[in-house]
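In my numbering, the protein residues as written are 84 to 324.
Mixed in with the good hints, there may be bad ones.
[Said to hold, decoys possible] Label pairs and their calculated CB-CB ranges:
id: 1; residue 1: 291; residue 2: 251; range: 21 to 27 Å
id: 2; residue 1: 265; residue 2: 163; range: 45 to 51 Å
id: 3; residue 1: 252; residue 2: 92; range: 36 to 42 Å
id: 4; residue 1: 101; residue 2: 319; range: 31 to 37 Å
id: 5; residue 1: 106; residue 2: 221; range: 56 to 62 Å
id: 6; residue 1: 309; residue 2: 92; range: 28 to 34 Å
id: 7; residue 1: 197; residue 2: 92; range: 23 to 29 Å
id: 8; residue 1: 260; residue 2: 182; range: 32 to 38 Å
[Unchecked claim] Cut-off 16 Å, straight-line C-alpha distance, at most; resulting in silico cross-link-like pairs (EDC-like, lysine to aspartate or glutamate):
id: 9; residue 1: 155; residue 2: 175
id: 10; residue 1: 243; residue 2: 216
id: 11; residue 1: 114; residue 2: 147
id: 12; residue 1: 114; residue 2: 92
id: 13; residue 1: 298; residue 2: 175
id: 14; residue 1: 271; residue 2: 308
id: 15; residue 1: 150; residue 2: 175
By construction, these hints were calculated from the structure, which means they are not laboratory data. Glycine included, every Cβ here is placed at the ideal spot set by N, Cα and C.
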Amino acid sequence: MINCLVVDDEQHAIDVILHYIKQTPFLKLVKATTNPIEALQIVNMEKIDLVFLDVQMPEISGLDFAKAIQGKAKVILTTAYSEFAAEGFDLEVVDYLLKPISLPRFLKAVQRVINTITSTVSFAQQAESIEDDYIFVKTELKGKMLKINLRDIDYIEGMKNYVAISHGGTKTMVLLNMKDLEERLPKKHFLRVHKSYIVAVSKIVAVEGNIIRLKNQRVEILLGETYRSAFHEIMKHKLMG
Numbered sequence: 084m085i086n087c088l089v090v091d092d093e094q095h096a097i098d099v100i101l102h103y104i105k106q107t108p109f110l111k112l113v114k115a116t117t118n119p120i121e122a123l124q125i126v127n128m129e130k131i132d133l134v135f136l137d138v139q140m141p142e143i144s145g146l147d148f149a150k151a152i153q154g155k156a157k158v159i160l161t162t163a164y165s166e167f168a169a170e171g172f173d174l175e176v177v178d179y180l181l182k183p184i185s186l187p188r189f190l191k192a193v194q195r196v197i198n199t200i201t202s203t204v205s206f207a208q209q210a211e212s213i214e215d216d217y218i219f220v221k222t223e224l225k226g227k228m229l230k231i232n233l234r235d236i237d238y239i240e241g242m243k244n245y246v247a248i249s250h251g252g253t254k255t256m257v258l259l260n261m262k263d264l265e266e267r268l269p270k271k272h273f274l275r276v277h278k279s280y281i282v283a284v285s286k287i288v289a290v291e292g293n294i295i296r297l298k299n300q301r302v303e304i305l306l307g308e309t310y311r312s313a314f315h316e317i318m319k320h321k322l323m324g
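Construct all of the structure, not just a fragment, from the sequences and the given hints.
Below you can see the structure in the form of structure tokens.
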């Protein structure tokens, strides 16, 4: 059961979402309110899995609300205006519904929430198996070796004779080639997606065409043509809908 909160400054817009929630067996309404300040208190005090959130509200905008809850719940933005979509994506909202909202489009958005939750649980379970695993690498400084926890690695970029390992908000340059590193990393958790990139599966949050987006990373990683078939073959096992 997914616990839902509906926030919109217009009651008729709330009524539409409530009607759809009632028709969806796995959604449970916790509260519907026109007051975003009250909604913030509810998110902090109760178990809320999903917020249906209007963008334009008088006291606090939906975008500011999404920032304020800091990922405590999944967010589906609801609005009559399409120009906020890009900023919504930057906030990692699950979907963006344009009013008037149809039931099929509502259900598609909810399915995306389920996919996201399922993927998060799956990736968390995978991460547990590498929680304490690590590698030691030789850095640019002679005689210095650095321990890098596998769970902290976001992606690895090949740079001629070096690789740059992005981990824990920093990059470490290592005198190593991509092929050797690829063979040493567990294939269940790391995928070669380009001749110059290896990504951590658990850090993938979106794939847009041939662009891979990673959690908390602004970098866009190109899915190379040579690696597309293998990548999509692995990803399709997690695909729903």
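Against the structure, the hints:
| no. | hint | in the structure |
| --- | --- | --- |
| 1 | 291 to 251: 21 to 27 Å | holds (26 Å) |
| 2 | 265 to 163: 45 to 51 Å | holds (48 Å) |
| 3 | 252 to 92: 36 to 42 Å | holds (37 Å) |
| 4 | 101 to 319: 31 to 37 Å | holds (35 Å) |
| 5 | 106 to 221: 56 to 62 Å | holds (59 Å) |
| 6 | 309 to 92: 28 to 34 Å | violated (51 Å) |
| 7 | 197 to 92: 23 to 29 Å | holds (28 Å) |
| 8 | 260 to 182: 32 to 38 Å | violated (53 Å) |
| 9 | 155 to 175 | holds (12 Å) |
| 10 | 243 to 216 | violated (27 Å) |
| 11 | 114 to 147 | violated (20 Å) |
| 12 | 114 to 92 | holds (14 Å) |
| 13 | 298 to 175 | holds (9 Å) |
| 14 | 271 to 308 | violated (21 Å) |
| 15 | 150 to 175 | holds (10 Å) |
Comparing the model with each numbered hint stated earlier shows that hints 6, 8, 10, 11 and 14 do not hold.
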